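On the provided structure of chain P, position chain Y as indicated by the hints.
Line by line, the protein sequences give chains P and Y.
Residue 198 in numbering that gives the first Met the number 0 sits at position 199 of the first sequence; the count goes up by one each step and never skips.
Residue 211 in numbering that gives the first Met the number 0 sits at position 212 of the second sequence; the count goes up by one each step and never skips.
What the hints contain is simulated information worked out from the structure, not anything from laboratory work.
It cannot be assumed that every hint is accurate.
Once the Cα atoms are required to be at most 25 Å apart in a straight line, the calculated PhoX-like pairs of lysine-lysine come out as [stated by the list, open to error]:
1) P/Lys99 - Y/Lys60
2) Y/Lys44 - P/Lys146
3) P/Lys267 - P/Lys190
4) P/Lys118 - Y/Lys18
5) P/Lys18 - Y/Lys99
6) P/Lys44 - Y/Lys146
7) P/Lys118 - Y/Lys21
8) Y/Lys147 - Y/Lys193
9) Y/Lys61 - P/Lys99
10) P/Lys113 - Y/Lys18
11) Y/Lys113 - P/Lys18
12) Y/Lys267 - Y/Lys118
13) Y/Lys118 - P/Lys21
14) Y/Lys21 - P/Lys67
15) P/Lys117 - Y/Lys18
16) P/Lys117 - Y/Lys21
17) P/Lys18 - Y/Lys117
18) Y/Lys190 - Y/Lys270
19) P/Lys18 - Y/Lys67
20) Y/Lys18 - P/Lys67
21) Y/Lys21 - P/Lys113
22) P/Lys44 - Y/Lys44
23) Y/Lys147 - Y/Lys252
24) Y/Lys113 - P/Lys21
25) Y/Lys190 - Y/Lys44
26) Y/Lys117 - P/Lys21
27) Y/Lys67 - P/Lys21
Fair warning: this is a prediction, and the values are worked out from it, not measured in the lab.
2 protein chains.
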Amino acid sequence: MVMLRKKVKELVLIDRMAKVFKTADPLVVVSIGDDVAVVQGDQGKYLLYTCDMLVESVHFKKNENFEKIGYKAMAVSVSDIAAKGGIPRYALVSVGLPPKRVDRFIRGLMMGMKRCAKKFGFSIIGGDTNRSRHLVVDVFMAGEVEKKNLVLRSTAQVGDLIFVSGSLGGSLKHKHLDFTPRLPEARFLVKNFKINSMMDLSDGLGMDLNRLVRSSRVGALIFENKIPQSSDSLGINSALYDGEDFELLFTLKSREAFKLLSQIKNSKEFKFICIGRITDLFDGVRMIKNDCRMLEIPWRGFRHF
Amino acid sequence: MVMLRKKVKELVLIDRMAKVFKTADPLVVVSIGDDVAVVQGDQGKYLLYTCDMLVESVHFKKNENFEKIGYKAMAVSVSDIAAKGGIPRYALVSVGLPPKRVDRFIRGLMMGMKRCAKKFGFSIIGGDTNRSRHLVVDVFMAGEVEKKNLVLRSTAQVGDLIFVSGSLGGSLKHKHLDFTPRLPEARFLVKNFKINSMMDLSDGLGMDLNRLVRSSRVGALIFENKIPQSSDSLGINSALYDGEDFELLFTLKSREAFKLLSQIKNSKEFKFICIGRITDLFDGVRMIKNDCRMLEIPWRGFRHF
Chain P
0 MVMLRKKVKE
10 LVLIDRMAKV
20 FKTADPLVVV
30 SIGDDVAVVQ
40 GDQGKYLLYT
50 CDMLVESVHF
60 KKNENFEKIG
70 YKAMAVSVSD
80 IAAKGGIPRY
90 ALVSVGLPPK
100 RVDRFIRGLM
110 MGMKRCAKKF
120 GFSIIGGDTN
130 RSRHLVVDVF
140 MAGEVEKKNL
150 VLRSTAQVGD
160 LIFVSGSLGG
170 SLKHKHLDFT
180 PRLPEARFLV
190 KNFKINSMMD
200 LSDGLGMDLN
210 RLVRSSRVGA
220 LIFENKIPQS
230 SDSLGINSAL
240 YDGEDFELLF
250 TLKSREAFKL
260 LSQIKNSKEF
270 KFICIGRITD
280 LFDGVRMIKN
290 DCRMLEIPWR
300 GFRHF
Chain Y
0 MVMLRKKVKE
10 LVLIDRMAKV
20 FKTADPLVVV
30 SIGDDVAVVQ
40 GDQGKYLLYT
50 CDMLVESVHF
60 KKNENFEKIG
70 YKAMAVSVSD
80 IAAKGGIPRY
90 ALVSVGLPPK
100 RVDRFIRGLM
110 MGMKRCAKKF
120 GFSIIGGDTN
130 RSRHLVVDVF
140 MAGEVEKKNL
150 VLRSTAQVGD
160 LIFVSGSLGG
170 SLKHKHLDFT
180 PRLPEARFLV
190 KNFKINSMMD
200 LSDGLGMDLN
210 RLVRSSRVGA
220 LIFENKIPQS
230 SDSLGINSAL
240 YDGEDFELLF
250 TLKSREAFKL
260 LSQIKNSKEF
270 KFICIGRITD
280 LFDGVRMIKN
290 DCRMLEIPWR
300 GFRHF
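Pulled out of the complex, with its shape left as it was, chain P reads as follows (with noise of 0.2 Å):
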């Protein structure tokens, strides 16, 4: 319960926007507080709306690749899309440029973002371009799902396994800027099997999977063994707190779990890793270490403010 009572401040603003906005919409299905809004779309489908900002010397340095930042700043909404079980279709993009570097923007940053509309087959139909001192590129995304692929991260259930889709730690070295969203690991998980919950991990699976049992109201139960580390991790806390992974972090029964597990026995294009299992709400988040000692695994990770 430890998570429970920490105060994490984006959270806590999160929570104050949801309370403020909240609508009576009744085609609304999910507002403020996950990373994708879900509104009732027609023909058996949601649609799915997103955004996310990246603000130069917060998010990436200023003599960072234009292109990488570029590619960046879509890719980190096609995982939150690829993370309900959608598709992305059409993308928004408002810009704030410092003048001297226009050129640059040019050049850079729009080959990054057509590289990964090619890549993940959306349009970018619209944007706005602005003067600033810095840096700040924001992406709306909008996306769509059938209704019965839609998978939210508030919907684990105790007794599930827990999932994670390729290594953890380390992102910040090289992978952060040229990520590959999994689209298609998440589209093949929703069409083939009965997954209870999904969210992408960008706050690091620490942080991240304390908002799954959160928003779950259930607890976790992983194990130290069982975390697979990207070869930049520094260790188990780097895997646990370093963020910007932008892996799958899902839940399913044991028994989709093992067909899923005898499925992709000899995939070469999916891995997916089982660390743990969903316990009752009262546990929190805890770690089995490698020692045999458990650990709570605090609310904590990268924190905008």
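Coordinates of chain Y only, in the frame set by chain P:
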């Protein structure tokens, strides 16, 4: 033709974006280059998407009233959607916040946004909050319009009369932070008349009328003595170039215009003023001055770069 040769950097940028991001998706009706993207929806409707970014010390001063900034951030997008003949439905907002001013944001910005949402009947369903050195507010808005009511800026016809929905100039003194998007006016127009083209005036009549005629491949002749000036206007140049008026600029056939004028003759709700007519492409935008001289209206106004 002077304005066609003028290089306005922002427009060059948008042209390049339109080229780089060109989409083959047959569902996209209007893409980059307009204020609003238009996509095929179901049930006889189009979906409208727009985004508008406000940046501290470009669009507002550091110590401006936060409630008003929140209102304006939303109202700018409402104005865009209205100018397409549509209604706003959902908004998402990304905010870059200086950490020291987070609490003022909560009290101010959100209240202003909520006021706008309530006034114009849309829901705020998502957002992203980030650390930033100066305040940046980017609003994405999704709206919809019945297919028969969609109006573009690119479809003005030679012979159309040109109207505005209110007085122009001097907006930066007071009005720009507290303007009323012309949503009921636009809906009244598209429901009752055949409006050939429409846009909202954000960068000043001089620049925006040039945009309208350029995208419609026509010209325009306006009359100085017909242009309604607000009480804060400092003269005709103020009315032409100040920007941030957020009035509607629209054109319709003269027969429709007479119908419109007779319908609103005794109206206290609506005010539409005829300021000129659409002419041939090669005329550019020209104005008959009060002393009967003819003046070319060049493509200038507020520029971001």
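Okay, the hints, checked on the actual structure:
Restraint check for P/Lys99 and Y/Lys60: satisfied, since their Cα atoms lie roughly 22 Å apart, inside the 25 Å limit. Restraint check: the Cα-Cα separation between Y/Lys44 and P/Lys146 comes to about 21 Å, which is no more than 25 Å; the hinted pair holds. Of the supplied pair hints, the one linking P/Lys267 and P/Lys190 holds, its CA atoms being roughly 19 Å apart against a limit of 25 Å. With a CA separation close to 18 Å, the supplied pair P/Lys118 and Y/Lys18 stays within the 25 Å bound.
A hinted pair counts as satisfied when its Cα atoms are at most 25 Å apart, and P/Lys18 with Y/Lys99 qualifies at roughly 22 Å. Proximity of P/Lys44 to Y/Lys146 is assessed by CA-CA distance (about 21 Å); at most 25 Å being required, the pair is judged to hold. A C-alpha spacing of about 15 Å is found between P/Lys118 and Y/Lys21, which places the hinted pair at or below 25 Å, so the restraint holds. Only pairs whose Cα atoms come within 25 Å are accepted, and Y/Lys147 paired with Y/Lys193 is accepted, the gap being roughly 10 Å.
The suggested pairing of Y/Lys61 with P/Lys99 holds, with an alpha-carbon distance near 22 Å, which does not exceed 25 Å. Simply put, P/Lys113 and Y/Lys18 have alpha-carbon atoms about 11 Å apart, close enough for the 25 Å limit, and the pair holds. For the hint linking Y/Lys113 to P/Lys18, the alpha-carbon distance of about 11 Å falls within 25 Å, and the restraint holds. Distance hint between Y/Lys267 and Y/Lys118 is fulfilled; the C-alpha atoms sit about 19 Å from each other, no more than 25 Å.
Between Y/Lys118 and P/Lys21 the CA atoms are separated by roughly 15 Å; this keeps the pair inside 25 Å, and the hint holds. A C-alpha spacing of about 20 Å is found between Y/Lys21 and P/Lys67, which places the hinted pair at or below 25 Å, so the restraint holds. With a CA separation close to 15 Å, the supplied pair P/Lys117 and Y/Lys18 stays within the 25 Å bound. Between P/Lys117 and Y/Lys21 the alpha-carbon distance is near 11 Å, which keeps this suggested pair within the 25 Å criterion.
Taken as a hint, the P/Lys18 and Y/Lys117 pair is honoured in the structure, with Cα atoms around 15 Å apart against an allowance of 25 Å. Distance check on the hinted pair: Y/Lys190 and Y/Lys270 sit about 16 Å apart at the alpha-carbon level, within 25 Å; holds. For the suggested pair P/Lys18 and Y/Lys67, the alpha carbons sit about 20 Å apart, so the restraint of at most 25 Å is met. With a CA separation close to 20 Å, the supplied pair Y/Lys18 and P/Lys67 stays within the 25 Å bound.
A hinted pair counts as satisfied when its Cα atoms are at most 25 Å apart, and Y/Lys21 with P/Lys113 qualifies at roughly 10 Å. Straight-line distance between C-alpha atoms of P/Lys44 and Y/Lys44 comes to about 16 Å, which keeps the hinted pair within the 25 Å bound. Of the supplied pair hints, the one linking Y/Lys147 and Y/Lys252 holds, its CA atoms being roughly 17 Å apart against a limit of 25 Å. Between the alpha carbons of Y/Lys113 and P/Lys21 the distance comes to roughly 10 Å, so the proposed pair stays at or under 25 Å and holds.
Of the supplied pair hints, the one linking Y/Lys190 and Y/Lys44 holds, its CA atoms being roughly 14 Å apart against a limit of 25 Å. Between Y/Lys117 and P/Lys21, the direct Cα distance comes to roughly 11 Å. Compliance with the 25 Å bound is thereby established for this hinted pair. Restraint check for Y/Lys67 and P/Lys21: satisfied, since their Cα atoms lie roughly 20 Å apart, inside the 25 Å limit.
Comparing the model with each earlier hint shows no violations; every hint is respected.
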